[in-house]
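Whenever a hint applies, use it, and build me the whole structure from the sequences.
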Amino acid sequence: MSGTFLGMPAFPANAARAVQDSQLRHNLRKATHTIRAKRLSTIAEVPDWRELREAAKAVKDATLRDLDRHLLCLEEQVTATGGHVHWARDAAEACRIVAGLVRATGETEVVKVKSMATQEIGLNEALAEHGIEAYETDLAELIVQLGDDRPSHILVPAIHRNRAEIREIFLRSMPDAPPGLTDEPAALAEAARLHLRQRFLASKVAISGANFAVAETGTLVVLESEGNGRMCLTLPETLISVVGIEKIVPTWRDLEIFLQVLPRSSTGERMNPYTSTWTGATEGQTFHLVLLDNGRTDVLADEIGRQALRCIRCSACLNVCPVYERAGGHAYGSVYPGPIGAILTPQMRGMGSPLDASLPYASTLCGACYDACPVAIDIPEVLVHLRARAPHPPAERAAMGAAAWTFSRAVRLTRAQRLASRLRRLLPRRLPGPLSAWTDTRDLPEVPAESFRDWWSRTQGGPR
Amino acid sequence: MSARETILRRIRAAVADAPEVAVPRDYRTASGAGGLGGSAVQDLPGLFAERVDDYRATVLRAGPGEVAGVVAERAAARGVERLAVPPGLPEEWLAGLCDVRLLRDDPPLANDELDRAHGVITGCAVAVAETGTIVLDGGPGQGRRALTLLPDYHLCVVPAGHIVRGVPEAVALLDPRRPLTWISGPSATSDIELDRVEGVHGPRVLDVVIVGN
Amino acid sequence: MRVALFITCVNDTLYPGTGRAVVSLLRRLGCEVDFPEAQTCCGQMHLNTGYQDEARRLARRFRAVFARHEIVVVPSGSCAATIREHYPRLGVETPRVVELTEFLVDVLGVTDVGAYFPHRVTYHPTCHSLRGLRLGDRPETLLRAVRGLELVPLPGAEECCGFGGTFAVKNPAVSAAMCADKCRAVLDTGAEVLCAADNSCLTHLGGALHRQRTGVRVVHIAEILASTEQDKPAGTPIASGRGR
Numbered sequence: 001m002s003g004t005f006l007g008m009p010a011f012p013a014n015a016a017r018a019v020q021d022s023q024l025r026h027n028l029r030k031a032t033h034t035i036r037a038k039r040l041s042t043i044a045e046v047p048d049w050r051e052l053r054e055a056a057k058a059v060k061d062a063t064l065r066d067l068d069r070h071l072l073c074l075e076e077q078v079t080a081t082g083g084h085v086h087w088a089r090d091a092a093e094a095c096r097i098v099a100g101l102v103r104a105t106g107e108t109e110v111v112k113v114k115s116m117a118t119q120e121i122g123l124n125e126a127l128a129e130h131g132i133e134a135y136e137t138d139l140a141e142l143i144v145q146l147g148d149d150r151p152s153h154i155l156v157p158a159i160h161r162n163r164a165e166i167r168e169i170f171l172r173s174m175p176d177a178p179p180g181l182t183d184e185p186a187a188l189a190e191a192a193r194l195h196l197r198q199r200f201l202a203s204k205v206a207i208s209g210a211n212f213a214v215a216e217t218g219t220l221v222v223l224e225s226e227g228n229g230r231m232c233l234t235l236p237e238t239l240i241s242v243v244g245i246e247k248i249v250p251t252w253r254d255l256e257i258f259l260q261v262l263p264r265s266s267t268g269e270r271m272n273p274y275t276s277t278w279t280g281a282t283e284g285q286t287f288h289l290v291l292l293d294n295g296r297t298d299v300l301a302d303e304i305g306r307q308a309l310r311c312i313r314c315s316a317c318l319n320v321c322p323v324y325e326r327a328g329g330h331a332y333g334s335v336y337p338g339p340i341g342a343i344l345t346p347q348m349r350g351m352g353s354p355l356d357a358s359l360p361y362a363s364t365l366c367g368a369c370y371d372a373c374p375v376a377i378d379i380p381e382v383l384v385h386l387r388a389r390a391p392h393p394p395a396e397r398a399a400m401g402a403a404a405w406t407f408s409r410a411v412r413l414t415r416a417q418r419l420a421s422r423l424r425r426l427l428p429r430r431l432p433g434p435l436s437a438w439t440d441t442r443d444l445p446e447v448p449a450e451s452f453r454d455w456w457s458r459t460q461g462g463p464r
Numbered sequence: 001m002s003a004r005e006t007i008l009r010r011i012r013a014a015v016a017d018a019p020e021v022a023v024p025r026d027y028r029t030a031s032g033a034g035g036l037g038g039s040a041v042q043d044l045p046g047l048f049a050e051r052v053d054d055y056r057a058t059v060l061r062a063g064p065g066e067v068a069g070v071v072a073e074r075a076a077a078r079g080v081e082r083l084a085v086p087p088g089l090p091e092e093w094l095a096g097l098c099d100v101r102l103l104r105d106d107p108p109l110a111n112d113e114l115d116r117a118h119g120v121i122t123g124c125a126v127a128v129a130e131t132g133t134i135v136l137d138g139g140p141g142q143g144r145r146a147l148t149l150l151p152d153y154h155l156c157v158v159p160a161g162h163i164v165r166g167v168p169e170a171v172a173l174l175d176p177r178r179p180l181t182w183i184s185g186p187s188a189t190s191d192i193e194l195d196r197v198e199g200v201h202g203p204r205v206l207d208v209v210i211v212g213n
Numbered sequence: 001m002r003v004a005l006f007i008t009c010v011n012d013t014l015y016p017g018t019g020r021a022v023v024s025l026l027r028r029l030g031c032e033v034d035f036p037e038a039q040t041c042c043g044q045m046h047l048n049t050g051y052q053d054e055a056r057r058l059a060r061r062f063r064a065v066f067a068r069h070e071i072v073v074v075p076s077g078s079c080a081a082t083i084r085e086h087y088p089r090l091g092v093e094t095p096r097v098v099e100l101t102e103f104l105v106d107v108l109g110v111t112d113v114g115a116y117f118p119h120r121v122t123y124h125p126t127c128h129s130l131r132g133l134r135l136g137d138r139p140e141t142l143l144r145a146v147r148g149l150e151l152v153p154l155p156g157a158e159e160c161c162g163f164g165g166t167f168a169v170k171n172p173a174v175s176a177a178m179c180a181d182k183c184r185a186v187l188d189t190g191a192e193v194l195c196a197a198d199n200s201c202l203t204h205l206g207g208a209l210h211r212q213r214t215g216v217r218v219v220h221i222a223e224i225l226a227s228t229e230q231d232k233p234a235g236t237p238i239a240s241g242r243g244r
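Keeping their order, the protein sequence lines are chains A, B and C. Under the working numbering, the residues of the first sequence are numbered 1 to 464, in order. Under the working numbering, the residues of the second sequence are numbered 1 to 213, in order. Under the working numbering, the residues of the third sequence are numbered 1 to 244, in order.
Just so you know, the hints here were simulated from the structure itself, not pulled from any lab data. In this text the structure is predicted, and so the values were computed from the model without any measurement. All the given hints hold, so there is nothing to weed out.
If we take Cβ atoms under 8 Å as the criterion, some of the chain B residues that face chain A in the derived model are:
1. 6
2. 20
3. 21
4. 51
5. 112
On the chain A side, residues computed to face chain C include the following (Cβ under 8 Å):
6. 442
7. 451
8. 452
Glycine is no exception: its CB is placed at the ideal position from the N, C-alpha and C atoms.
What follows is the structure, encoded as structure tokens:
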């Protein structure tokens, strides 16, 4: 899907459109508030949550520190257990590898488990160019695919759609949708079950991502809810998994941490309905693992920014983010929306486009994301760090320079304050230029007749 | 240079300055070590039953000699006429069934045959009390992964002795070389308005029978 | 006890009443207040907008101005958080910096400051106070002890008001949407006064509440804590509201 995000305007323009969409606002508010409450209650019952979070963070940092060694170990283990390992420097290379593997099977259709990595590299579009049709099987991905839409959330790509809209999409684009389909979630899920059943049984090739790859054993791990993952991972003859190089954990034991923190942080459940683990070629299947860089090593090279690679894609930061709740996922112009997207996308893609350069500013730095993150990514810290690297508009640079000049001597500040006080009755109620954004919705405070420092120097702090 | 070499070189250059990291494991571990070790849960089957029930699965308790009766009652209650059976399942669990055709997965059933089964009965490798999770590892009485996936109904018999407190205990007992399926309730989705709805592609009905205490 | 006051550039320039209230409150509680007149700004705006060099210069300036002081009191959650959390990242060490309510509760050990404020008040815990400084319930504890004051809980209090410094200008649509939701929550409480420990968020919220002619006024917590039945802090225009 990444291709469809190209050429989008900067975040503020996208967000301005989104906040005017009452349906979107309602859908996002309802969904994010539901999940916030669930997450808080399932985390509250874990007495060692803080310790788990510390451990999760440290395991990821330790992994990144020795990533080369862990990748080689993973490769050795997967190969030893009958799997095939491929390496992809970028999206194009990964797509080429996958398309080649599918074509070698002689198949022209594949089923897919929801995967951020394959969305990131635009795999479905690349496969289509090779005459291969990819069918998304996750309910939300199916909604997005049938609706010719774009994903707007990491975990629930169709979060911007409510049940009534989903029903309409199914009736319009799902040939075998039951004519009397209601908007009951259970009925919608049933329709998806019937729609995909034969495809699962007939498909010979499946493509997945993975939540974790265990270096010491070569084991891959997929967490899911619906069972579409299990269908894809077990029934087809060939399984191709595209996995970002940062998905590694060093040891099998490390899963004892992540299998606790991921479900509770993402869907707010004690455990997701299904977790599958497999090692190499399993139950007679042919297994290919494609290890993907695609900008991750650039992120890794940034001392402060690299913590973004700890991300386990739980989407807790999206669900608690007040900006995401109002702007929606599409405004971020990337398969990675929300706070994590605001630090990941500019690092992976660079800040060459107006959109990517605007992402580090798509936050009030309120810190809700950092609090919610189960691997303790200090997202505000990385945002501020990226803002220092972002291109700055000339007018803003000039204003900031003038402010810094004024603040560099107390006497300059005093003069500026006295000038403002003298002109206080003449100051406009609506500010000009970019500052009009302030006075469009807010009145300005009154400028006082005397600043605090002038009062102090006149009275030495007033009567004692 | 190959992609492999390029990526490895990029990584080495990127983290050359990164400090060593020690992993603190102060959470509740399998060995009971860690700051909060030695958890005080007495009634693991009780906690497990409560947590499974939260997923809207049905939980039943049976004494050691009562499994066949409970299995037969469940099969009748769920209207199961064709029941898939993995190799190695204790035969005595099936002794009470009548009017149920047993589909033995030995040799393996074709997928569409399995798809037509009404249900499947299995044991499990481990069960996790805190999360209400059963784990299948393909061992005797558990079958290959598709067996518990295609039928719409899963009846899982969990010996009380297989129930452990938490995820760390389960991870410690399981063999990563075996394909594992962790099951927590019936298949579900949160994809519609982020609220959980039971029943998508996996079994939509899950009954769990806890044996012994 | 002798304390240095870092008033912050926003309070200094726009809210001298808050500053006067802080001085009057601290003196009433027996503190000797120093105001180093060379102080200007902590550099928060520069830092958070991506002007790290300018921010570092202001941080060093702050360090020089307050170097000989043992403890610095700051009546602003976000400025205190900037100094405490971000200065170390800029390689700048400072003397002990505490936010006003922290100073009262943790350092002076008082929760009843002898204030009188007979109004229905709701408290917005600004993000830097809540998640940066972890002020916890210190401000509410202080407010609850104020005679005549009726403290009403703010629904969704922990959610950001949408100010975010230059965010309010760079992303005005989202900022306004967040502000609207926060104002609605404030109005739902039926409070006359919205209180916070940071005048920058209150400038944003007060500006919107005033524009919408809601009749709710915003007041910095220092001004409430300084109010007594006998002597209102000199010239504090509490009743006048702050918008124009």
